[in-house]
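S.K.: Residue numbers (our numbering), protein chains in the order written: chain A, 3 to 83; chain B, 1246 to 1623.
By construction, these hints were calculated from the structure, which means they are not laboratory data. Positions of the beta carbon are idealized from the N, C-alpha and C atoms, including for glycine. Do not rely on the hints blindly, as some may be mistaken.
[To be verified] Selected chain A positions facing chain B (in silico; Cβ < 10 Å):
{"id": "1", "residue": "R17"}
{"id": "2", "residue": "V43"}
{"id": "3", "residue": "W57"}
{"id": "4", "residue": "K62"}
{"id": "5", "residue": "V66"}
{"id": "6", "residue": "P70"}
[Stated by the list, open to error] Computed footprint of chain A on chain B; a stretch qualifies when at least three of its residues, placed anywhere within it, have a C-beta under 8 Å from a C-beta of chain A:
{"id": "7", "stretch": "1437-1445"}
{"id": "8", "stretch": "1466-1480"}
{"id": "9", "stretch": "1529-1540"}
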Amino acid sequence: MTLTQAAITKTIDARGMACPGPLMSLIGAIRAGAVGDTVAVLSGDAGSKTDIPAWVAKAKHELVEVAPADGYSTFVVRKAH
Amino acid sequence: MDAKIVILGGGVGGTLTANLLVDRLGDAATVTVVDPTGMHAYQPGFLYVALGQANGRWLTRDERTLLDKRVELAIETADRVDPGTRTVHFASGGSIAYDYLVLATGARLVPEQIPGFIGAGHEFYSLTGALRLREELRRFRGGRILVGVAGIPYKCPPAPVEFTLMLEDQLRHRGLRERSEVTLLSPLNRAFTVESASKIVQPIMEQRGIKLSTFFNVEAVDPAKGTVSSIEGEEAEYDLLVLVPPHRGQSVIDASGLGDEGGWIPTDRNTLQHQKYDRIFAIGDATNLPISKSGSTAHFEAAVVASRLVSLVKGIAPKAAYEGRVMCFLETGGHRATTLRFDYTHPPVPPRPSMVWHTAKWVFNRLYWHTVPQGRVP
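Isolated chain B, as found in the complex (with noise of 0.2 Å):
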């Protein structure tokens, strides 16, 4: 009988996995991908379009186009998971049961957890929220501008320091630099988390005269006032804030016992097993791993489950291992870029920033649809 292997999530690491699944079994697996709303969204996109550098059609595409014809896709909103019975049911009170399991839930945005946040402050970390910010920066005159972070973990750590940056620039380019003063509140006591990428970050942010303010968790928003404050007791102004907005593990997770606290999976950091349950994987943003939630973790992530799996479905004991590899660009604003690559052992060289992989990352925006979910970028 073939084996039954179900993903949940259509982003990135789900479409990958099961490309590959169907790519290597055959016919000895039915690989099925569920997903709430069947629209796949390239997330790291949403930057250039706050930014009014992109717009945000070539955002989405529709789940079904992405994934091989031999891969089933049900849209359903997964409500809970029984590991016991191994079945997932579903909101519309349909389930669908299985022998291996994926979960490729990504994360949550939860603003509403920052009092003051809604409403007050913009994000540039869901396609709605880049549209708006969009629009309030195209209407900005100048003013007081503060770029913040609203919870850990979040999803692709350089973005609040690329925004900040791209920003500036923007800003330049349009004559209002000298009205603005532009402010980077970074939770950590240095710009970036690695501190060889934040010995490149630094010194462009004092030539460029932007602001930074150290170990500025933010923990709630006065809008009438117009002040942020951090968990380390300081108060900041603003004129426009942004800020990147707390996130948790889906519902489903919760509701299913499979998280912890915060709703992230307790996962093995080399198998990508879930500590408790043998036939369940985690891999990307949906993990508690304290790697990068990014695109790129879940795409070398999901090649080690799909290579696992594989090896499962054959009856041979698999050896792929998540080595905690991952690639990520950070744009430095002026049409320059440089890249971080690391893993568990190696940690991040990133090279001086130059047009190269500011290139590089704008090839690979545009031919990601064509290349990643698909399997075609090793």
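Chain A on its own, in the form it takes in the complex (with noise of 0.2 Å):
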């Protein structure tokens, strides 16, 4: 287990979700969390890849980590306010 994984708080397992979406769940369990909180999303839907990083940034959180494996990307956000 990497340093990442043990500090993980909330892990979601959107692959195959069309709606309302990985980046979306994402919202939600930042929304629900706390500061300082990492949430996991897995994802296999290729918007993800630049959907997930355009909302970290213009929120304002953290993306710790784009973690690829075979057909999905775990992405690490933490929330940072």
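Two chains, two frames, some hints: make the complex.
M.R.: See the structure below:
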């Protein structure tokens, strides 16, 4: 287990979930979480690779890690404020 | 001895599960639906009520009339579930024991979580809210209208887009369009979560002059200034504000320690079993699954849970699995609509909006009471 994995507060497996989708689920989890929480989202949706970093940048949170795997990626985001 | 199956919630998921179970198990099980009101609401109709296209009367029915005679109905508020003793405790002081429990408790609206929302903002996610918004729209004579989302997850993800397009249509017909500015505050970087549907919807919005403000997740309302602010740090001004209120799971889920921090039930995406308790299943809006909170999801999940329970009661290994099936309509205004059908492995490929899908939705709305709760729609 890496340091990042050990610190994850919540994991959302959004693979194959077109609606509301990985980004919407991430936004929900970040809204509901506490400052400093780290949320991991598993997504196989190609759009997530641009959508998730774009929202994280706009909302001024922190994209800790993007870990590609077979057929999906794990996006790790920390709630910064 | 017959199996005791208790279902909390008399919405589409709970009602359909109960009817399918008695149909297939007969005397082999006692099936009880526990519901706090005993009234069943057809929630997709709220949108039409808010827009003055339907009256509220056809949206609620007595739950008893929708249940098979063999289903017991207990009009009780469930206070707490004790998975250890397999008992549901009621607010009235009574209780009911179960062998298997289905949580179909839905979502509740918590507008109080958004500072300034109550009183200043409108919503169409409850019948009361839809009726209030209808009156406000009748009085509306022009101005800036904002339609936004104040919490995730929320029921029926297409609803804010549908409302915006249908409202714009109405303003044009009333001769108020020139005096009005309509803006959709989208939580995402496009109008709708499904990209293929967004590609259909956004050109329609552009063509009709509807503004799109992206990555705007509503955080607070300031009624004195007439502004709404987002968690992304932006602000927008309104004369009429329509928001999807924040949702969370029901209190009974919190009180029983069965949910996550949002009150949603940790649910296996295929078996629909509670992740900690094998004898508890969850369906519909109540689950934590990152899929659409919609009647259609509850409908398809109900069939899976009923099938698994029939197997369990008969002592055979359950095979039915939920594959993420969802089917919904998306109204695009001008008496046109498209449809979204998808599952875990097949993303939606919505057809071009047409009157066919608008008519199909209208027919479905009309036939709902005689088809879905009874299990007549596969």
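S.K.: Was the hint right that A:R17 lines chain B, CB cutoff 10 Å?
M.R.: Since chain B brings a Cβ to about 8 Å from A:R17, closer than 10 Å, the hint holds.
S.K.: Less than 10 Å between beta-carbons is the criterion; does A:V43 satisfy it with respect to chain B?
M.R.: Hint on A:V43: holds, closest Cβ of chain B at ~9 Å, below 10 Å.
S.K.: Can you tell me if the stretch 1529-1540 of chain B counts as covered by chain A, using C-beta to C-beta distances under 8 Å and a minimum of three residues?
M.R.: Satisfied; 4 residues make the cut.
S.K.: Under the criterion of a CB-CB separation shorter than 10 Å, is A:V66 in contact with chain B as hinted?
M.R.: 19 Å, violated
S.K.: Are there three or more residues in the stretch 1437-1445 of chain B whose C-beta lies within less than 8 Å of some C-beta in chain A?
M.R.: Satisfied; 3 residues make the cut.
S.K.: Does the interface hint hold: is A:P70 within less than 10 Å of chain B, judged Cβ to Cβ?
M.R.: Nearest chain B Cβ about 20 Å off; hint violated.
S.K.: Is the interface hint satisfied for A:K62? The criterion is a beta-carbon contact with chain B at less than 10 Å.
M.R.: 7 Å, holds
S.K.: Within the assertion that chain A covers the stretch 1466-1480 of chain B, do at least three residues meet a Cβ-to-Cβ distance smaller than 8 Å?
M.R.: holds (count 3)
S.K.: Hey, does the A:W57 contact hint survive, CB to chain B under 10 Å?
M.R.: A:W57 check passes; min Cβ-Cβ to chain B is 6 Å, inside 10 Å.
In terms of the numbered hints stated before, the structure departs from hints 5, 6, listed from lowest to highest.
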